[in-house]
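Colleague: Letter by letter, the chains look like this.
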Amino acid sequence: MTIKISLADYERIIAHATAVLPNEACGLMAGTVSDEVKTVKKVYLLTNIDHSPEHFSIDPREQLAAVKDMRAQGLAPLGNFHSHPSTPARPSQEDIRLAYDPFASYLILSLAGKQPVFKSFRVEKGVVAVEELEINSNE
Amino acid sequence: MNITVTGSTKEYPQGLTVAQLIQLEKVATPEYVTVSINDEFILSATFAEKTLNEGDHVEFMYFMGGGR
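Top to bottom, those sequences are chains R and U. Following the working numbering, the numbering of the first sequence begins with 93 at its first residue and continues without gaps. Following the working numbering, the numbering of the second sequence begins with 50 at its first residue and continues without gaps.
Some clues are possibly wrong.
Stated by the list, open to error - Using C-beta positions, here's what the derived DEER-type ranges look like:
{"id": "1", "chain 1": "U", "residue 1": "I91", "chain 2": "R", "residue 2": "T110", "range": "34 to 44 Å"}
{"id": "2", "chain 1": "R", "residue 1": "K160", "chain 2": "U", "residue 2": "Y81", "range": "17 to 27 Å"}
{"id": "3", "chain 1": "U", "residue 1": "K75", "chain 2": "R", "residue 2": "S229", "range": "38 to 48 Å"}
{"id": "4", "chain 1": "R", "residue 1": "I106", "chain 2": "U", "residue 2": "N102", "range": "37 to 47 Å"}
{"id": "5", "chain 1": "U", "residue 1": "E80", "chain 2": "R", "residue 2": "K206", "range": "38 to 48 Å"}
{"id": "6", "chain 1": "U", "residue 1": "T53", "chain 2": "R", "residue 2": "K206", "range": "19 to 29 Å"}
The hints are simulated quantities; they were obtained by calculation from the structure and are not laboratory data. Backbone N, C-alpha and C fix where the C-beta goes; we use that ideal spot for every residue, glycine too.
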C-alpha cells in the first residue's frame, strides 16, 4: 500500500506541528482508496488534549466531528498523524500498543532534526510495517 | 425501531442496549471502542444497561493516541 499526500497538506501538517511545539501535534486524514493506493484529500488538524511533548490523545469530540465530515463528503478515513518534537519518525512502543486499526495509516512527523521527516506505518497485532509515502506537488 | 449507526439507518429490536448493538454490529476490538449517542459520549461501564431509542444516532470510535 502507498499513501499519497499533497505538498500543500504536508506543509499544513508541518505548520500545525510547529505551532504547538514543544507539544506533540495530531490529526486525521481522509481521502480515497483504490487498488493499493490511498490518496489523502483532506487533513484534519486536531487538538492533542494531552498538551504534552511526549504523548498525544486526539480530542474525541473533534474526532467525531471529523468522522461525520468525512462521511458527508464521501471520503474514507485513511489514518492519523502525530508529531515527534524531539524523537525520530518511528512508532514508539506506546504508539504501537495504541494502534488498534490494522487498516489505518499511522503517519509520524519528526521535528527532531534540521529538516522535518515524515513517514507512514501500518501496525497489525503489534507488528510495524513501513508504508510508502508520496508527497506530491500536484495532488 | 430505527437507529442510525455510523451513518446507516436500520431497524433494531426494541430495548436494545449499547452492549447488544456492539455485538450485533460485530464491532472490532470492542474493548477499545468509544460510543456516542446523539453526539454524547457514553461511559463504557454503562454499555450493558444503556438502552437505545427510536431515532438515535450512534457512532463507534476508537481512541487515538500515543507517545514518543
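Colleague: CB of K160(R) to CB of Y81(U), is that within 17 to 27 Å?
Modeller: holds (20 Å)
Colleague: Can the suggested window of 38 to 48 Å be confirmed for the beta-carbon pair E80(U) and K206(R)?
Modeller: At roughly 42 Å between Cβ atoms, K206(R) and E80(U) fall inside 38 to 48 Å, so the hint holds.
Colleague: Given the hint of 19 to 29 Å, is the C-beta distance from T53(U) to K206(R) inside that range or not?
Modeller: violated (49 Å)
Colleague: Is 37 to 47 Å respected by the C-beta to C-beta distance linking I106(R) and N102(U)?
Modeller: holds (45 Å)
Colleague: Would you say the C-beta atoms of K75(U) and S229(R) sit inside 38 to 48 Å of each other?
Modeller: For K75(U) and S229(R) the Cβ distance comes to about 42 Å; the hint holds.
Colleague: Tell me if the beta carbons of I91(U) and T110(R) are separated by a distance inside 34 to 44 Å.
Modeller: holds (36 Å)
In this structure, only the earlier hint numbered 6 is contradicted, and the remaining ones agree with it.
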